[in-house]
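Protein chains in written order, with the working numbering: chain A, 1 to 115; chain B, 1 to 114.
Possibly wrong hints are sitting among the right ones.
[Claimed, not checked] Calculated pairs, SDA-like style, for lysine to any residue (alpha carbon to alpha carbon, straight line, at most 20 angstroms):
{"id": "1", "chain 1": "B", "residue 1": "Lys57", "chain 2": "B", "residue 2": "Lys42"}
{"id": "2", "chain 1": "B", "residue 1": "Lys37", "chain 2": "A", "residue 2": "Phe67"}
{"id": "3", "chain 1": "A", "residue 1": "Lys98", "chain 2": "B", "residue 2": "Lys37"}
{"id": "4", "chain 1": "B", "residue 1": "Lys42", "chain 2": "B", "residue 2": "Lys68"}
{"id": "5", "chain 1": "A", "residue 1": "Lys41", "chain 2": "A", "residue 2": "Phe91"}
{"id": "6", "chain 1": "B", "residue 1": "Lys42", "chain 2": "A", "residue 2": "Arg24"}
{"id": "7", "chain 1": "A", "residue 1": "Lys98", "chain 2": "A", "residue 2": "Lys41"}
{"id": "8", "chain 1": "B", "residue 1": "Lys58", "chain 2": "B", "residue 2": "Lys68"}
{"id": "9", "chain 1": "A", "residue 1": "Lys41", "chain 2": "B", "residue 2": "Val112"}
{"id": "10", "chain 1": "B", "residue 1": "Lys42", "chain 2": "A", "residue 2": "Arg10"}
{"id": "11", "chain 1": "B", "residue 1": "Lys42", "chain 2": "A", "residue 2": "Ser9"}
{"id": "12", "chain 1": "B", "residue 1": "Lys58", "chain 2": "B", "residue 2": "Ile48"}
{"id": "13", "chain 1": "B", "residue 1": "Lys42", "chain 2": "B", "residue 2": "Gln109"}
{"id": "14", "chain 1": "A", "residue 1": "Lys41", "chain 2": "B", "residue 2": "Glu15"}
{"id": "15", "chain 1": "B", "residue 1": "Lys37", "chain 2": "A", "residue 2": "Ala2"}
{"id": "16", "chain 1": "A", "residue 1": "Lys41", "chain 2": "B", "residue 2": "Lys71"}
{"id": "17", "chain 1": "A", "residue 1": "Lys41", "chain 2": "B", "residue 2": "Gln109"}
{"id": "18", "chain 1": "B", "residue 1": "Lys57", "chain 2": "B", "residue 2": "Lys111"}
{"id": "19", "chain 1": "B", "residue 1": "Lys42", "chain 2": "A", "residue 2": "Leu26"}
{"id": "20", "chain 1": "B", "residue 1": "Lys101", "chain 2": "A", "residue 2": "Thr32"}
{"id": "21", "chain 1": "B", "residue 1": "Lys111", "chain 2": "B", "residue 2": "Glu15"}
{"id": "22", "chain 1": "B", "residue 1": "Lys101", "chain 2": "A", "residue 2": "Thr99"}
{"id": "23", "chain 1": "B", "residue 1": "Lys71", "chain 2": "B", "residue 2": "Asn53"}
{"id": "24", "chain 1": "B", "residue 1": "Lys42", "chain 2": "A", "residue 2": "Gln6"}
{"id": "25", "chain 1": "B", "residue 1": "Lys58", "chain 2": "A", "residue 2": "Glu22"}
{"id": "26", "chain 1": "B", "residue 1": "Lys42", "chain 2": "A", "residue 2": "Val11"}
Treat the hints as calculated values from the structure; they're not laboratory data.
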Amino acid sequence: GAVVSQHPSRVICKSGTSVKIECRSLDFQATTMFWYRQFPKQSLMLMATSNEGSKATYEQGVEKDKFLINHASLTLSTLTVTSAHPEDSSFYICSAPKTGTDEQYFGPGTRLTVT
Amino acid sequence: GENVEQHPSTLSVQEGDSAVIKCTYSDSASNYFPWYKQELGKGPQLIIDIRSNVGEKKDQRIAVTLNKTAKHFSLHITETQPEDSAVYFCAASPYTGGGNKLTFGTGTQLKVEL
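With the hints as extra help, turn the sequences into a complete structure.
Here is the structure:
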């Protein structure tokens with residue numbers, strides 16, 4: 001397999017502030033990473049595709065100015081939730097396909113709570 | 001776009017019994033079908049996958065079957081153990097070797113009872 005890490009694992013922030021979540025591929029390079037959010041007892045909902053060296057591609061209904069994605073290197077993508085509101089509270093998970101394959105490996109997730 | 005349906009939503013089995021989870025997909029262009037296991041509070045873990053040029057794949061107690069004509073694929077877990085209890089997700093995507101978007105099913109909560 002391959003290892004994907006996320007940081008932080010949990011974060012609590014106040015309404016109106018911004019939060020940055022990091023996703024790293026530890027033992028392989030990833031030109032593409034995916035960001036999902038998951039509500040309790042629900043499936044994973046794809047938010048955006050992060051592309052190294054270019055702009056992210058957002059799914060329909062996802063505000064690109066609210067969820068800023070930066071894929072600055074072949075092993076790191078970041079998701080910044082700007083002006084967070086309580087309804088942004090969720091479990092955010094990233095995934096990365098091993099280069100040249102379709103096997104996607106997921107990070108352990110970040111639990112965001114906005115108070 | 002692709003639509004993946006998954007059944008059942010919950011499944012309880014006795015330890016040692018088999019468990020079967022079924023998925024259907026809508027897009028005939030899909031040809032990569034992974035299965036993920038997600039434990040509470042953790043990210044999904046890839047447990048097995050199958051590509052459309054294969055009808056069945058097995059890895060110890062886990063097997064996946066694919067019927068491309070009917071657009072069905074299933075996960076089979078034999079000799080279930082309490083540690084198999086988790087939420088299982090099926091997914092589908094077109095395969096180009098470059099990492100494509102996955103469309104997930106709605107998940108199955110598997111509970112293995114002693």
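Next item on the list: Starting from the hint list further up, note which numbers the structure goes against and sort them upward.
Entry: Hints 1, 2, 4, 7, 14, 16, 18 and 25 contradicted; others consistent.
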